[in-house]
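Position chain B against the provided structure of chain A, taking the given hints into account.
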Amino acid sequence: MDTNIQTVLVDEIEGALGGGPPIAVATVTGSGDPPWLIPGDKLLIRSDGTYVGGFGYEEIDTAMIKLAKQSLTGFPRISIETIYVSSDGHATNRRYQSRLGDAELMVQIWEAPARLIVVGGGHVGLAVATFGEKLDFAVTLIDDREDFANRERFPMAEQVLVGDIEEQLNSLVFDQSAHVVLVSRGHLQDERALKAVIREPVGYLGMIGSQRRTQTVLTHLAEEGYDQIDLEKVSTPVGLDIGAETPEEIALSILAEIVMLRRGGNGGRMGRRMQLEVGEDLKN
Amino acid sequence: MSSEIFREIREASEAGEPRVLATVARTRGSTPRKAGATMLLRPDGTFQGTIGGGCGEAEVWQDAMDTMADGTPRLTVVDLTEPIDGDDKICGGIMEVFVERVTE
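If you read the sequences in order, they're chains A and B. Mapping of the first sequence onto my numbering: residues 1 to 284, in sequence order. Mapping of the second sequence onto my numbering: residues 1001 to 1104, in sequence order.
Keep in mind that a hint or two might mislead.
As the list claims (entries may be wrong) - Pairs of lysine to any residue, SDA-like flavour, derived with a Cα cap of 25 Å:
| id | chain 1 | residue 1 | chain 2 | residue 2 |
| --- | --- | --- | --- | --- |
| 1 | B | Lys1034 | A | Gly15 |
| 2 | A | Lys134 | B | Ile1005 |
| 3 | B | Lys1034 | A | Leu72 |
| 4 | A | Lys134 | B | Ser1003 |
| 5 | B | Lys1034 | A | Leu261 |
| 6 | A | Lys134 | B | Arg1007 |
| 7 | B | Lys1034 | A | Tyr96 |
| 8 | B | Lys1034 | A | Pro21 |
| 9 | B | Lys1034 | A | Ile78 |
For the record, the hints were derived by calculation from the structure and aren't laboratory data.
Next comes chain B alone, as it looks inside the complex:
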């Protein structure tokens, strides 16, 4: 998994294409993926790898797209403990995800 992500980063760098890497830096409680999980985002919004599927991935994806645009790294705190619109989020923990551009 990791090897494939780094191969894509190298190939993208060589081709002059941007990529944004999201890494789960820390978790508390029950989260879909543990610290170290990575997701690599492409300019068209598609990605390789997962940091948790439905549980919080959309929030990270949005921040990653912002980082793609402005180059500023972000630390996204995904809180999976709060129910939204009466729906319980099934994951129940807190996840800190570091988002950074990994190509120039």
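Here chain A stands alone, though its shape is the one from the complex:
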């Protein structure tokens, strides 16, 4: 690989991982048959559409830039995928749509790790933060009680914020990488926190509570003129239905829902899904 693009790549990937704008990197992994692309050749595409490198075919570069721009603005983001390309610029991520002789490219999105913002440092908040960190989320913990929001209790958190919940939330910058979980000690705190976040472009917003209690909160917000579209975004009651009872089980249910939405799963049971897939294979 070219030394210059290698240096640029490492710098820009580090920048993206450190919180800068996400970037896409396309790498030739299969040269095609007969070979027409060079394995290891790369094209770096930034969020603003500018790029570095290339494959020596203008049609391919153009197709990949277009595709990368879609990937960079899409959600949930596909962090890596294989693209089949023909020399005329035909590009697809479906093997069955690929053509004879297509080369293969690996397209990777580099971005800062997803953030998990947990409001409430009680039993559930502690379990959500603990499991969330294991799942590679950068965790922020917010509570207005210092006994519940401190480094000893939350060593796994990147950030522990103590103080008025609304003020602390307002100090954060929200985007699609932010996953907000409201598990504070009472519905009044959750409602205030919800109001602070509901209009923000977050990737996930979940609020704990029973059907009745959460419905009351949503009704309050609707009466105060919050948009129905924003209210419908709220995952509440929070989590997947796994029959969770303990704080840890509830945390598992919440994170299962977040992972499902990020990865595009359906929350069903694998055993049943596998049976469907076998059926699909028989058809093809």
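The following block gives chain B in isolation, referenced to the frame of chain A:
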């Protein structure tokens, strides 16, 4: 995890030392790690990160050492569906791993 790998790549580049990066490009079926998992190999054969522990890592490691030596990128297809010597491989899927030198 990724940040640590890229920090090592940058430091190795600055020191003029080679590194080989193995990236799981695609998987089918049940595999230990999913696409995007990375492993960074050093000239002495030690590495940072994992693309799957026992399941196929040795095959990728060998290819990565070859790439370290000749600089040629490789796409290693690790088939975890075939039993070897009567032992069932417990992972059961297929993994494509792209191996490339990431320093000059």
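Hints and how they fare:
1. Between the alpha carbons of B/Lys1034 and A/Gly15 the distance comes to roughly 24 Å, so the proposed pair stays at or under 25 Å and holds.
2. Between A/Lys134 and B/Ile1005, the direct Cα distance comes to roughly 18 Å. Compliance with the 25 Å bound is thereby established for this hinted pair.
3. About 20 Å separates the Cα atoms of B/Lys1034 and A/Leu72, which keeps this hinted pair within 25 Å; it holds.
4. For a cut-off of 25 Å, the pair hint linking A/Lys134 to B/Ser1003 stands: about 16 Å separates their Cα positions.
5. Taking the CA atoms of B/Lys1034 and A/Leu261, the gap is about 17 Å. The hint holds against a cut of 25 Å.
6. Among the hinted pairs, A/Lys134 with B/Arg1007 is consistent with the structure: their alpha-carbon atoms are about 21 Å apart, no more than 25 Å.
7. Restraint check for B/Lys1034 and A/Tyr96: the C-alpha separation of about 21 Å stays at or below 25 Å, so the hint holds.
8. For the given pair, B/Lys1034 sits about 24 Å from A/Pro21 by alpha-carbon distance, which is consistent with the 25 Å threshold.
9. In summary, the hint linking B/Lys1034 to A/Ile78 is supported, as the alpha carbons are separated by about 12 Å, within the 25 Å threshold.
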